[in-house]
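Novice: All chains should be built: construct the whole structure from the sequences, respecting the hints.
Respectively, the protein sequence lines represent chains A and B. Take any residue in the first sequence, note its place counting from 1, add 12, and you have its number in the working numbering. Take any residue in the second sequence, note its place counting from 1, add 1, and you have its number in the working numbering.
Check before you lean on any hint, since a few could be wrong.
[Unchecked claim] Okay, derived cross-link-like pairs now, SDA-like style, lysine to any residue, Cα gap no bigger than 20 Å in a straight line: (1) A:70 <-> B:56; (2) A:174 <-> A:203; (3) B:130 <-> A:150; (4) B:130 <-> A:154; (5) B:130 <-> A:184; (6) A:70 <-> B:132; (7) A:70 <-> B:54; (8) A:174 <-> A:154; (9) B:130 <-> A:115; (10) B:130 <-> A:158; (11) B:130 <-> A:59; (12) B:130 <-> A:91; (13) A:70 <-> B:141; (14) B:130 <-> A:112; (15) A:70 <-> B:58; (16) A:70 <-> B:55; (17) B:130 <-> A:180; (18) B:130 <-> A:77; (19) A:70 <-> B:57; (20) B:130 <-> A:185; (21) B:130 <-> A:97; (22) B:130 <-> B:108; (23) B:130 <-> B:55; (24) B:130 <-> A:159; (25) A:70 <-> B:140; (26) B:130 <-> A:196; (27) A:174 <-> A:77; (28) B:130 <-> B:58; (29) B:130 <-> A:203; (30) A:70 <-> B:128; (31) B:130 <-> A:157; (32) B:130 <-> A:151; (33) B:130 <-> A:155; (34) A:70 <-> B:131.
[Said to hold, decoys possible] Okay, the calculated beta carbon distance ranges per label pair: (35) A:88 <-> B:21: 55 to 61 Å; (36) A:186 <-> B:228: 18 to 24 Å; (37) A:249 <-> B:142: 45 to 51 Å; (38) B:208 <-> A:127: 48 to 54 Å.
Because the hints were derived from the structure by calculation, they are not lab data. The C-beta atom is built at its ideal place from N, Cα and C for all residues, glycine as well.
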Amino acid sequence: MITLDGLTKVFPAPDGGDPVVALDGIDLHVEPGRIHGIVGRSGAGKSTLIRCLTGLEKPTRGRVEVGGTDIASLEGAALRAARRNIGMVFQHANLLDSRTAAQNIGHPLEIAGASRAQREQRVAELVELVGLQGRERNHPAQLSGGQIQRVGIARGLAAEPKVLLCDEPTSALDPSTTRQILRLIRDLRERLGITVVIITHEMSVVREICDDVTLLENGRITQSGSLLEVAADPHGPLSAELIPLPPVPTGIDATVINCDYGDSETLRTSEDLVRLAEQHAAEATIVAGTIETIGGRQVGRVQLALRPIGAEAASGIGREQLAQLLGELEDRGVVAREVVA
Amino acid sequence: MSEWLSNPVFTTWGSNTSLWSNALITLYMTFATMAFTVLVGVPLGLLLFETERSRTPWVRWVNRVVGFVVNVGRSFPFIILIIALMPVTRVIVGRVTGPNAAIFALTVAAVPFLARLIEINLREIPAGKIEAVQMMGASRAQLIRQVLLPEALPGIVGSITTTTIATIGYTAMAGVVGGKGLGDLANRMGYQSYDNVVMVATVVLLIAIVIGVQALGSQIARVVDHRARS
Ligand SMILES: Nc1ncnc2c1ncn2[C@@H]1O[C@H](COP(=O)(O)OP(=O)(O)O)[C@@H](O)[C@H]1O
Ligand SMILES: [Mg+2]
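Specialist: Okay, structure coming up:
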């Protein structure tokens, strides 16, 4: 549905400085009906990427294809027509204050030249779809943050686009409203089969609704794939953020190691991990950790406390034993290291 | 008190010295000027705003030239402008004295003033709102009618109010070209003929008119303003 091919965007030097390379050779493919997250720090180029997708920025080099149309090559009326196939949702919704909720939702249809009757019918459908019944005649100033974003989403969907682009749609919302809005976006994908690109700096958003995720750093893609692939790759930069690290333990008189697993055939569950550890120390206990099942596969980031056999006093295991265990874990694709409290 | 009220300035009607007739002339000059000024000044403000954003070289030149003309128009002292405009006024209005000649000069003075204020009103619209509608595939005309003017409307009403009040002030000077009106009355009867009653009466009436215009403008702005009150 979306294909980016060597997309590069260079902004001219701001008075005398070096030109800013906001996007540097981005190759990306988004399949129809997927929810694709694009994550990255502030300044990574996320907004520039989405602006290239809508033709608001012209790429310096490369191809931008949305729904089979080469957006970057279009101008004038053809570009305006192509934009009507793309819905857009913004961080602060960008609703017009001069319009009521219903008038904002129907705005894309007004621009496309739909009749008043068509517009009213479609707006009524959309109001119901996003759960805004009774708020149609309110202006944005009379709505809550969550309601404003619902209007923004309904407006994005009004012209029945094939693609919905969301730039930080929940960053201005509180956690519970964020969950409601994310659930709404996921529901809409199920019901309408729409392709969604969602830009965010919050990993919780990715964990909650994305099928695929791409990490952008300094204008380049540093990791991209399905949520499972990315989360299960303990060496990749995203897994640490998707599956948070357990806190460093206090008051445990044992040797403590952190283990990240998920992409190994010989070590598939936390039980496998404990069993292996017990071959090297009498007692291995999971003291903290996050275990998630993504796509039917277990991905974990756990902390093991290790104690020698029959130890009377509290103590850890020997250095030699520990080195052996860490070596064996590494052979099985587990990223493991000792934690010093 | 009754002595004051028997002053011909209050009791006559239709004469050169009547407070009421001159007040009507002031109102006529002000509102006729504002009608022309809004008709020309709002599009000019839009032109300044739209050409400012362009990256096309010739459009940027249009912006610079129009901006320069507007600045020159605004920096002329009004009294000099009236005199400098006389040859043009003669061609367009047919004569260089009287209220209609004054309306022409007043309009020339007010248009650049309003145009700059309108440009500032338009700049206050957050860029994201304009882009959001551009992304819906809006044409330039749709953008102007559906976003720029409605979103800036509360500010535009304020700018028109401010320009109206400035114009009321300028009508006083229009007396110089025989424009008549309250300012001229105060000058002729009050200042030059030492009639303090006329002086005070015209000033009080001018203040009342200004307060009335401001109250009306503020009320309209409130009605059309749907932004959150902060
Ligand atoms: N119009 C512009 N002119 C110059 N530099 C820009 C412009 N837009 C963005 N940039 C620069 O491009 C980089 C990426 O910005 P952006 O895409 O907004 O990042 P993000 O959305 O990930 O925070 C930043 O260094 C930013 O300063
Ligand atoms: Mg951004």
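Novice: Measure nothing beyond the straight line between the CA atoms of residue 70 of chain A and residue 56 of chain B; if it is 20 Å or shorter, mark the hint as holding.
Specialist: This hinted pair holds, its Cα atoms lying about 13 Å apart.
Novice: Please verify whether residue 130 of chain B and residue 91 of chain A have alpha carbons no more than 20 Å apart.
Specialist: Given pair residue 130 of chain B, residue 91 of chain A holds - Cα atoms ~19 Å apart, limit 20 Å.
Novice: Checking one constraint from the list: CA of residue 70 of chain A to CA of residue 55 of chain B, max 20 Å. Satisfied?
Specialist: With Cα atoms ~15 Å apart, residue 70 of chain A and residue 55 of chain B stay inside 20 Å; holds.
Novice: For the pair supplied as a hint, residue 130 of chain B and residue 203 of chain A, is the alpha-carbon distance within the 20 Å limit?
Specialist: Not satisfied, since the Cα-Cα distance of roughly 28 Å exceeds 20 Å.
Novice: Need the status of pair residue 130 of chain B, residue 159 of chain A: alpha-carbon distance at most 20 Å?
Specialist: holds, 17 Å
Novice: Do residue 208 of chain B and residue 127 of chain A keep their Cβ atoms within the hinted range of 48 to 54 Å?
Specialist: holds, 52 Å
Novice: Residue 174 of chain A and residue 203 of chain A were given as a pair; does the straight-line alpha-carbon distance stay at or below 20 Å?
Specialist: holds, 13 Å
Novice: Against the 20 Å threshold, does the CA-CA distance of residue 130 of chain B and residue 150 of chain A hold or violate the hint?
Specialist: holds, 18 Å
Novice: Given the hint that residue 70 of chain A pairs with residue 57 of chain B, test it: the Cα-Cα distance must not exceed 20 Å.
Specialist: holds, 15 Å
Novice: Residue 70 of chain A and residue 131 of chain B were given as a pair; does the straight-line alpha-carbon distance stay at or below 20 Å?
Specialist: holds, 18 Å
Novice: CA of residue 130 of chain B to CA of residue 108 of chain B, is that 20 Å or under?
Specialist: At roughly 33 Å apart (the allowed maximum being 20 Å), residue 108 of chain B and residue 130 of chain B break the hint.
Novice: Holds or violated: are the alpha carbons of residue 70 of chain A and residue 140 of chain B at most 20 Å from each other?
Specialist: holds, 18 Å
Violation of the numbered hints given earlier is confined to hints 8, 18, 22, 26, 28 and 29; the remaining hints are satisfied by the structure.
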